[in-house]
Amino acid sequence: MSTASPHNKEQLPELDLRLTQENLDDLYEHAPCGYCTCLPDGTLVKVNQTLLGWLGHTKAELVARRCLQQLFTVGGRLHYETYGVPMLLLQNHVREFSYTLRRKDGSTLPVLMNAVLLRDNDSQPLAVRVTLFNITERRKYEQELLRAKQQAEEQREQLARANEQLVSKNEQLSRINADLDSFVYTASHDLKQPIDNMAGLFQELRHTVTFHDPEATAMLNMFAEALQQILSTIKGLTEVVQLQRQLEQVPVEMIALRPFTEEIIRSLQQRLDEHQASFTLDFEAAPTVCMARSGLHSMLYNLLSNGLRYAEPDRAPHIKVSTTRAADNVVLSVQDNGRGIDLARHGRELFQLFRRFHPEVTGSGMGLYLVNRLVNQAGGRVEVDSAVGQGTTFRVHLPMGGFLPTPSSSANGAAE
Amino acid sequence: MDALRRNNVTVLGTGSQAMVLVHGFGCDQRMWRLITPAFEACHRIVLLDLVGAGNSALGVYDPVRYSSLQAHAEDVLDVLRALNLHQVVLVGHSVSAIIGMLAAIREPERFACLVLVAPSPSFINDGDYIGGFEREDIDELLEAMDNNYLGWSGSITPVIMGNPERPELAEELNTSFCQTDPTIARHFARATFLADHRPDLPRLHTPALILQCAQDTLAPRQVGEYMHEHLPDSELIVLDTSGHCPHLSAPQATVAAIRQYLVPTPTLKL
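Those sequence lines, one after another, are chains A and B. According to the working numbering, the first sequence is numbered sequentially starting from 10. According to the working numbering, the second sequence is numbered sequentially starting from 1032.
Hints were generated in silico from the structure; no laboratory data involved. Here a beta-carbon is modelled for each residue, glycine too, at the ideal position from N, C-alpha and C. Treat the hints with caution; some may be incorrect.
Said to hold, decoys possible - Covered stretches of chain A, as calculated for chain B (at least 3 residues, CB under 8 Å):
1) 32-41
2) 48-55
3) 75-87
4) 392-404
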């Protein structure tokens, strides 16, 4: 097939020629890697020029005078003795040992070592052939990796510690919260009886005792009013605690907002004797919310009654209750045209217990505290916009996903 | 955990007296394979892997507990108890020579004698004492170990530590000789090379044979002589070999020396 592949025919002799010119001695001496051979105990018997060049030693200084291990820094020497030698004797080869050569001038050179053990006819160890690669750049990169790994480990430990602290802080807070609840409960309970007694005694006094001071009537009325305030504060406190305790057991359910809200408005109008107010309800975007019935009732009742009570004196109250849908929230908004709150001044205290911003209107300072707590309990949050003299909007974000009824409690809904 | 499983104990041979062989740093029980055939006929051979090495239960490696060699000594005693062994010959290499010594100090009745292969009670030079190394040298060894475990460690390490319920992970890792979890190896290196058990030497009353290599960087001649001088009942034999592992580099000489020590010479018998 002489004519079939003229290219091969013409190129082969040229290739052969180049190969024959490769001198094996020269390849050994000047290979792009260090070669050496040593006895089983490490004594060097042959070292190539590349390695001699790296080390800065002459052949005479090393052969029969030095051991392979002695070319390494102490760490490598220890590693070779404890791990390299047993490995060679057990499996006749080692691969990819990362060592550092110590040059004659004291400087160092990172190398990667492969070695094989040769045995004689009786399988006795005869010699070790060693190949060394210069890995200066690779070593730098590896050390970067090691450093990064160490850093990552340290950070992981720091995170774990921080997490532990958080968990214990959290437990502490939960305990304090529970203590606070039981304190409020005990306080309201312990105050209630003496106050009830006082109210009864006062009632009795008004019937049986006659005061001659002309200002007595006014003072008696003020006293009665103060008693009423104390009684309503205690009632509010009791409600806060009881609702909290109830909610821990009451299941959440799907509640249709329109009839629920209308019912609250009716009872409010009766109680506050308020018939000037107008209401707009718009639940088209989200007709239902998922919450504990008593919680939703208390929340809406407080927001709506605030809207009525804190109306501008010379403006008929108008309250708009509506829903919108956000990503995975239902947002329930209650917007009034009342006095508004100076949020720049009071915003941070808005949801704190017993904080009051309109002393001229009677109130217990518990409504918004309760609203915020109920919403938080339901996994949501409350936002407020307000302008003094114009009105306030409360936006209650309630989650849709995580608070759906459990399968058993949704069975009724599904049957409809 | 059952000590026999924890320390991957292997029992061979038929003899009445037990010979327990404990490997040194950097390897596992397979390093005794050139020695054991010589003793199988007359001894019950017990091989084990120290916890953290070989096919031991890596998951039970507790860095706090195993920061002292005493923990390994307790493990060895656990194995002897589990097999109900008394009057054993314990052959310990390097760090395990010390581990064996600590075990024999605790429960002398379990040991007939010790064979200490290339032992060193302390690797670090201290005044007149020549251990062979400075503290910085040991730090450099730890660094060299880090460099050598770089390639394969990352994916395996975090899984194995603290997974006693998944022993198969450990098995997977140990398909090749003497490779172990790099974190454990580093920790064991620290426990091995920073320990100083010179004060324990006079407390050993079990007879001991010291097998000293003629040229050993890790345990130089002076160290073997120091051991011999401070062990109350010891014999020193220098093997004409270099390196730190005579049981691998000169197995026949090692076997002969142990035999000679164990079998009383005929002249004494008469």
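Tell me, in ascending order, the numbers of any earlier hints that this structure violates.
1, 4
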